[in-house]
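Student: As a plain string of letters, each chain reads:
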Amino acid sequence: MKRYALKRLLLGLLTLIGVSMIIFVAVRLSGDPVLLLVSPDASQEEIRRVRNELGLDQPIPVQYVVFIRNSLRGDFGRSTRYRMPALELVLKRLPATVQLALLAFAVSVTLGITIGVISATKPGSWLDFSGKSFAMIGQAMPEFWIGIMAILIFSVKLGWLPTSGRGGLQHLILPSLTLGWFSAASIMRLTRSSMLQVMGSEYIKTAHLKGNPERVVVWRHALRNALIPIVAMGGMQLGRLLGGAVIVETIFGWPGLGQLILEGINTRDFSVVQTGVFITSTVFIMLNLVVDLTYGVIDPRIRYE
Amino acid sequence: MNRKMGTVLIVMLTGLAWASCAQSASAKKLIVATGQEPSTIDQSLAGVGGDYAIVENYGEYLMYKSPNGDLNPGLATSWKVSPDGKIVDFTLRKGVKFHSGDAFTAKDVEFSFDRARAKNQTVKTRLRSVDRFEIIDDYHFKIHFKAPDVTFIPGRGAAMIVSKSYYDKVGEEKFVRNPVGTGPYKFVSYTPGESIDVERFDGYWGEKPSVGEARFIFVAEDTTRVAKLKAKEVDMITTCPYPLVKDLEKTPGLKVIRLATNHPTPSIVFANRNPKHPWHDRRVRMAMAYAINYESILKNVFHGIPNRYAYLAPYELGYDSQLKPYTYDPQKAKKLLAEAGYPNGFDFNFYWIVTGRFPFKEAAEAIAAYFEAVGIRTKLIGEEPMKNLSRHRAAKAPDAEYAGLFSHGRAGGVDPTQFMDLMFSSEGGFSVYSNPQFDKVIAEAKAAVDSKKREALIKDAVRILHEDTASIPLCNAVMIYAAQKNIDFTPTQKHYMELVLVKDVTIK
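Protein sequences, first through last, are from chains V and C.
Anchor point for the first sequence: position 155 equals 554 in this note's numbering, and the numbering is continuous, going up by one each time.
Anchor point for the second sequence: position 263 equals 1244 in this note's numbering, and the numbering is continuous, going up by one each time.
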């Protein structure tokens, strides 16, 4: 198990380095930010000075080395928009995004697996039909539409829940459900098909023959074996939730990292974009490591790879 | 159903029950939802539109602008401009205190100007003509100018006033994070991405406002902001999207407040230096002006909300009531195109900014359709703001190709010469147009301290731009606030930005 974990960790580190290189270059492809940071009638001298100050007059590989060197010291640059250290900004907003993503993940896993299992155990029934409809609607409707509709119905019309912003538990409900629905749908479909496959296998028949109640057969034996592809899907969905929460964050005024990075792109705030993507990747890699280790827990065979 | 599902349901229901309890906005604290988060809370650095709405609650300029838009004595009780316009003599109000308790004197004004000029590009440009400060005593100082600047007084001195003593006491970091001013409200706290809190300052030099505390929250998404108002979570919202205005007006319990900022003026601008392009010829530009059905665009794309002026708004110096805006005459357009040598039209790359603030996309599409109708084969190229801005700024080059829909300026400035210079002079920061004849007139107007003389020069300059079709203005912006019925608010008039000054709000 330890070798397996170490291997995943190393892979994660290599991924991080790759990500940092890609985002570094990508952000610089979008055009010269200096012209947008100086006043409209700035002189050439002024432009050159600002460019030098930001270190943007060096060739890109040199800039990258400087970035890596500084980041190892904890200096990820300054936000040109907020005039604060980029790392501080990103870390301030990170908890909100992680909270939302994790809750949406919990929602999608719980709903997805539960509905998927129920659908699989009673194929063809009205329960199965409802489950499949749930999946189809969740995957077909765009997030922003679901979000806006949720606000209009549950906040404005019914007054049950707050419209937006971050606060107590009630503020988390609509955003996490909106964000989680699509993932729940994907997980539900995969669970259903995986379960159907497993339910037809020999060892399940044996479990039945041993006299186990249906509940135990389904939830203890069948699900555990069906879980591998679901866990893999879960990992992918987690990445999607972490990085893709920006739409939900915007609609629900959730002060998260996605919105910060998007704004950074719009204002050509290099430090914020680089740092934001870098930190998001780090969190994602760490969470994925947990997911990978979960494989090991579920399927003992993997531990000895 | 099994246990797991049951637990989830119980958690959700508990949450819902919890939620129904803690809902409405507190009656005492005013809650305003703005569409944009300010780029800074430091008065010296305030530079973009979204900054002033909030910062001007605790930061002040030398002069005080009352809700009806007139300049009154504020921190400066009187000012005198020398006949040649090169010296302005200020007398300051005695006994004014900053929120930190420090006293306000002339050295704070000097410090404010120096700080703003060093750190704020907008202010640096506005104070270009300032030569030096001369402090006479604690409540008297003179500003010497290299050349007269007619925009200085109406612009209230360009820099907001901060406290030198406070800065010396706390240092740069703390100064920036806890700004201190002389305004009727003092800054309390800022949570980036979420909100800014202010509360009434009891030591204010002027009239005590009625609202005790206020919170500004940032809600970027338009529909969410409106939903918050409808759900009674906030007292007031700014920047209502035009399509939702009618619905808001019809909603009982809510009121809509319109503010004619008359700026920006979305216009079609032309980089006219390059003779290779058809719009280098003024007849082509004029033809394009005749090709557009303005009434229809204003009614259908802008929902009839903005104003439409030929150049200036009626209250401005140099307003020419004889000047009529461009009309819709496609026949004339085709004739002019033929005269200019384009009887079969031409191919046209039409750039526009992708922004949520105005219905630019729909306007650009409508305009393109009208151009097509007179033979101009239009290709629509939408660009995100930064890219478009870069292109706009690079358009002064003699080989640039650029004509597009841009958030431009004409009316509503502190003085008509302000936007004329910025948007139309050959070296103007946001100008892509060049006309040496115009440059001469505007240079004279900028230096004309006598308002009668300036008025005449402004009228001349406007005529030049109008007849040369320097740009084609579509409309003049009107900003929309919406509030609960029990809120009375008078937005500051004759101002080119939508401010939210809590002192002008009353909660009934």
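Simulated from the structure, these hints should not be mistaken for laboratory data.
Glycine included, every Cβ here is placed at the ideal spot set by N, Cα and C.
Heads up, some of the hints might be wrong.
What the hints assert, rightly or not - Restricting the straight-line Cα-Cα distance to at most 20 angstroms, the calculated cross-link-like pairs of lysine-lysine (PhoX-like) are:
id, chain 1, residue 1, chain 2, residue 2
1, C, Lys-1155, V, Lys-491
2, C, Lys-1227, V, Lys-556
3, C, Lys-1280, C, Lys-1231
4, C, Lys-1280, C, Lys-1315
5, C, Lys-1342, C, Lys-1315
6, C, Lys-1236, V, Lys-556
7, C, Lys-1078, C, Lys-1067
8, C, Lys-1088, V, Lys-556
9, C, Lys-1489, C, Lys-1236
10, C, Lys-1368, C, Lys-1009
11, C, Lys-1078, V, Lys-556
12, C, Lys-1155, C, Lys-1100
13, V, Lys-556, C, Lys-1489
Said to hold, decoys possible - Listed next, with one range per pair, are the computed distances between beta-carbon atoms:
id, chain 1, residue 1, chain 2, residue 2, range
14, C, Thr-1232, V, Phe-543, 55 to 63 angstroms
15, V, Arg-623, C, Thr-1232, 51 to 59 angstroms
16, C, Gly-1187, V, Ile-467, 51 to 59 angstroms
17, V, Asp-431, C, Arg-1109, 19 to 27 angstroms
18, V, Asp-431, C, Thr-1336, 18 to 26 angstroms
19, V, Leu-428, C, Arg-1109, 32 to 40 angstroms
20, V, Arg-623, C, Glu-1346, 54 to 62 angstroms
21, V, Met-635, C, Val-1335, 53 to 61 angstroms
22, C, Lys-1009, V, Val-615, 57 to 65 angstroms
23, V, Trp-544, C, Pro-1233, 56 to 64 angstroms
24, C, Leu-1304, V, Arg-448, 55 to 63 angstroms
25, C, Glu-1346, V, Arg-482, 35 to 43 angstroms
26, V, Met-548, C, Tyr-1296, 38 to 46 angstroms
27, V, Leu-415, C, Ala-1378, 40 to 48 angstroms
Student: Would you mind marking each hint as holding or not holding in the structure?
Tutor: Quick rundown of the hints versus the structure:
{"no.": "1", "hint": "C/Lys-1155 to V/Lys-491", "result": "holds (18 angstroms)"}
{"no.": "2", "hint": "C/Lys-1227 to V/Lys-556", "result": "holds (19 angstroms)"}
{"no.": "3", "hint": "C/Lys-1280 to C/Lys-1231", "result": "holds (19 angstroms)"}
{"no.": "4", "hint": "C/Lys-1280 to C/Lys-1315", "result": "violated (25 angstroms)"}
{"no.": "5", "hint": "C/Lys-1342 to C/Lys-1315", "result": "violated (25 angstroms)"}
{"no.": "6", "hint": "C/Lys-1236 to V/Lys-556", "result": "holds (19 angstroms)"}
{"no.": "7", "hint": "C/Lys-1078 to C/Lys-1067", "result": "violated (30 angstroms)"}
{"no.": "8", "hint": "C/Lys-1088 to V/Lys-556", "result": "violated (56 angstroms)"}
{"no.": "9", "hint": "C/Lys-1489 to C/Lys-1236", "result": "holds (14 angstroms)"}
{"no.": "10", "hint": "C/Lys-1368 to C/Lys-1009", "result": "violated (44 angstroms)"}
{"no.": "11", "hint": "C/Lys-1078 to V/Lys-556", "result": "violated (47 angstroms)"}
{"no.": "12", "hint": "C/Lys-1155 to C/Lys-1100", "result": "holds (16 angstroms)"}
{"no.": "13", "hint": "V/Lys-556 to C/Lys-1489", "result": "violated (25 angstroms)"}
{"no.": "14", "hint": "C/Thr-1232 to V/Phe-543: 55 to 63 angstroms", "result": "violated (23 angstroms)"}
{"no.": "15", "hint": "V/Arg-623 to C/Thr-1232: 51 to 59 angstroms", "result": "holds (54 angstroms)"}
{"no.": "16", "hint": "C/Gly-1187 to V/Ile-467: 51 to 59 angstroms", "result": "holds (54 angstroms)"}
{"no.": "17", "hint": "V/Asp-431 to C/Arg-1109: 19 to 27 angstroms", "result": "holds (24 angstroms)"}
{"no.": "18", "hint": "V/Asp-431 to C/Thr-1336: 18 to 26 angstroms", "result": "holds (20 angstroms)"}
{"no.": "19", "hint": "V/Leu-428 to C/Arg-1109: 32 to 40 angstroms", "result": "holds (35 angstroms)"}
{"no.": "20", "hint": "V/Arg-623 to C/Glu-1346: 54 to 62 angstroms", "result": "holds (56 angstroms)"}
{"no.": "21", "hint": "V/Met-635 to C/Val-1335: 53 to 61 angstroms", "result": "violated (31 angstroms)"}
{"no.": "22", "hint": "C/Lys-1009 to V/Val-615: 57 to 65 angstroms", "result": "holds (59 angstroms)"}
{"no.": "23", "hint": "V/Trp-544 to C/Pro-1233: 56 to 64 angstroms", "result": "violated (27 angstroms)"}
{"no.": "24", "hint": "C/Leu-1304 to V/Arg-448: 55 to 63 angstroms", "result": "violated (43 angstroms)"}
{"no.": "25", "hint": "C/Glu-1346 to V/Arg-482: 35 to 43 angstroms", "result": "holds (38 angstroms)"}
{"no.": "26", "hint": "V/Met-548 to C/Tyr-1296: 38 to 46 angstroms", "result": "holds (44 angstroms)"}
{"no.": "27", "hint": "V/Leu-415 to C/Ala-1378: 40 to 48 angstroms", "result": "holds (42 angstroms)"}
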